[in-house]
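*Asks:* This is what each chain is made of:
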Amino acid sequence: MNTYYADKKGYYGAYGGAFIPEMLYPNVEELKKNYISIMQEVSFQKEFQQLLKDYVGRPSPLFYAQRLSEKYQAKIYLKREDLNHTGAHKINNTIGQILLAKRLGKSRIIAETGAGQHGVATATVCALMGMECVVFMGEVDIARQAPNVARMKMLGAEVIPATSGSKTLKDATNEAIRDWINNPEDTFYIIGSVVGPHPYPDMVARFQSVISQEIRFQLKEHENTSKPDYIIACVGGGSNAAGAFFHYLDNKEVKLIAVEAAGKGIDSGESAATSQLGKDGIIHGSRTLLMQTDDGQITEPYSISAGLDYPGVGPQHAHLFKSGRARFLSATDDEAMQAGLELCQLEGIIPAIESAHALAALEKMTFKKEDIVVVNLSGRGDKDLNTYINYFNF
Amino acid sequence: MNRIVNKLNENKKLLSIYFTAGYPEPDSTVPILENLERSGVDMVEIGLPFSDPLADGPTIQQSSTQALKNGMTTKKLFAQLENIREKVSIPLLLMGYFNPILQFGVEEFCKKCAETGIDGLIIPDLPVEVYHNNYQKIFKKYNLVNVFLITPQTTEERIRYIDSISDGFIYMVSTASTTGAQGSFGNTQKEYFKRISRMQLKTPQIVGFGISNKETFELATRHAAGAIIGSAFVKFVGKNPPGKIGSFINSIH
Ligand SMILES: Cc1ncc(COP(=O)(O)O)c(C=O)c1O
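Protein chains in written order, with my numbering: chain A, 1 to 394; chain B, 1 to 253.
Errors might be hidden in some of the hints.
What the hints assert, rightly or not - Restricting the straight-line Cα-Cα distance to at most 30 Å, the calculated cross-link-like pairs of lysine-lysine (DSSO-like) are:
(1) A:Lys-369 to A:Lys-252
(2) B:Lys-235 to A:Lys-279
(3) A:Lys-364 to A:Lys-264
(4) A:Lys-8 to B:Lys-140
If you're looking for bench data, these hints aren't it; they were derived computationally from the structure. All values derive from a computational prediction rather than experimental measurement.
Construct all of the structure, not just a fragment, from the sequences and the given hints.
*Replies:* Dropping the structure here:
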């Protein structure tokens, strides 16, 4: 049977698995053995759902964007993950993982972050649960995301600069993995996207699947169908897309559109469009598509959006791409910035630049007037104000 | 017969050295190997530099970054090692992460190793099960010993499994940690060394991570067949010409 979900060993077709050094084996194995049964416990579900409702503010609205719909001649809905507490979808996952960590008896949380959104979402739930929190962040990103660094510190997290390699997200991830190797007993690693060794990609996708679960019933209220014609989401590692696609994967009538960051252009040498520029390989414990040299050295991606600045994609997305189940588009810095500004002016919503990449896909597609299109608005643009100001000279 | 297996039969405490190929200079690889053999080292792990060495501490990370800056690649390493068996006769292993090997092509890589006179491989992020199911046949075809790691957290059942599919030595990681030099070992490590020794495995064990001097070498080899020095040696060659290697080795044994 053709399935787009992880098999028992964490493979999606040829992609996935757990390519980890033996030092990580006990921790990853413990998680693999327990994550599904813990997530299915009644008490877990109760606590998780309660926090999503009362703390995160779910369900996030599904908003009919009338002026955007007129412009693109389709029925466009925005899934408002930007309205979540801390301003992005990332918190759905950090709440789930910290509840798991508690049930596994861990006392110390580590995380990696690029733009700082996942770091903030992790620091937030650690404060909520009274757990120690250490966030690894590339030195370069610390310099360009100062407000989020301050937020993490206010929330009580220790922010450790990653000074190895290119000093950005992939290096922060390396540092977090090294910390986990060095602290094998008490530490839980909260990964921020559908990347890393099995079971992380599947686990994170399950926590984010609340997005498509809500789209189903919300769309039913609006349109009397639970199936949109298109779902559009941006892909860095791919967690917001994985959550928005989750309950529609086996329903081929729903067309899935993944939007990567083309940076200054796919062929410019400064891009993060992994499906176009990547080859099969292994990054952070997972077999997937990644940007690399002929010699197999992982290369540094580029995007104006720090959250999409990752040289790989989650293994499920590699499989969705290779199998043709999802269509992969890309948006350049300029296209994303224009699309972001357009949303401000047409709908009064300032999107995260990551999410603006998903919006930029509207321009590249042709719709029928009655098509129902859901764009996953993964986050809000407050964190990006400086970038917007510098770009548009406001 | 494989050189590693022969060496392990010599019935002495083996001193094995790790260094990163292409560090500190692009052409350091061969002079370092010649000096190591001359100094009486028993076995060498040659590190293939990788952009994202996630099991390594700062010293080896830094040497990898520098080696890559120096233009080191897998192809270049094989070119440097082309005539190595005319100069060096001790067992040689390549140690590296799986992605560059995948890009080279696993079978092609193994074939090149065999032609060059490489005896074994250590690939920390190639899981035991994946090796067993997908690659063991290829490694055996080229008479390459594949070395697995165990750590203080590895369960007895898993150690037995690893023992059953090992044919050279088991790489016994001294502490739950990334690579890095340590001054001494505590009681937990001594207990762990003893515990493994009592298991009477068929495969000899060589201890690595945290061995830096005479004291740690002697402690580590009290129960094991040998020990590997990595970071401490990489630090040394970063600051000293290959001709001085003898003095480093003499300070250990
Ligand atoms: C608002 C927002 N959207 C998207 C992403 C990209 O991550 P993913 O592809 O895992 O959804 C990020 C990451 O920081 C983000 O902050």
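*Asks:* Would you mind marking each hint as holding or not holding in the structure?
*Replies:* A quick look at each hint next to the structure:
no., hint, in the structure
1, A:Lys-369 to A:Lys-252, "20 Å, holds"
2, B:Lys-235 to A:Lys-279, "34 Å, violated"
3, A:Lys-364 to A:Lys-264, "17 Å, holds"
4, A:Lys-8 to B:Lys-140, "29 Å, holds"
The structure fails to meet hint 2 from the earlier list, while all remaining hints are met.
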